Amino acid sequence: MFVLNKIKFVIFSFLIIIYLFCFNIVNINAVDSSIGTGLDKTGNSAGFNTNQETVLTLPKATGRVIGLFLSFLGIIFFVLMIYGGFMWMTAGGNNDKVETAKKIIANATLGLIIVLSAYVITHLITTEFNKAID
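Whatever position you read off the sequence shown (first residue = 1), add 3 for our numbering.
One should not assume that every hint holds.
Here are the simulated distance ranges between beta carbons [as the list claims (entries may be wrong)]:
id, residue 1, residue 2, range
1, Ile19, Ala64, 45 to 55 Å
2, Ile20, Lys100, 16 to 26 Å
3, Ser120, Thr60, 19 to 29 Å
Hints in this document: simulated from the structure, not taken from any laboratory.
Keep in mind that this is a model prediction, so the values were computed, not measured.
Yeah, the Cβ is synthetic: ideal placement off N, Cα and C, and Gly gets one too.
All chains, full assembly: derive it from the sequences and hints.
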């Protein structure tokens, strides 16, 4: 039995070594970086503005701030869900801890629903105002 386990170990080790040496990722440095993809020409011929000028306007700035704020709230939601789940799993049969964990998870979910609803309403209103201005 010991010999059979040793043979299995040797075969398994050999296969891992073969895998590591056979499937190495090789960098290809033969590509000429001066060759463009032609996307600028295609975009210009289609009538799109392909200039790389980045002008920060008020709507773009507000969009970035709202995006950062929503990302932060998403992180808070994730942490609260992990915390509530951890409390629930480590409650050890204590009903008070389970109820507290359920409340944390429910409140985090309710907060996420409120924040996403506010974002959808804000997006709808700003889109309609932008259509009216144009």
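Worksheet item: Has the hinted range 16 to 26 Å been met by the Cβ atoms of isoleucine 20 and lysine 100?
Response: Distance hint for isoleucine 20, lysine 100 is violated at roughly 49 Å.
Worksheet item: That 45 to 55 Å hint for isoleucine 19 and alanine 64 (C-beta), does it hold up?
Response: holds, 52 Å
Worksheet item: For the pair serine 120 and threonine 60, does the Cβ-Cβ distance stay inside 19 to 29 Å?
Response: Given about 26 Å between the Cβ atoms, the range holds.
The earlier numbered hint that this structure contradicts is number 2, and it is the only one.
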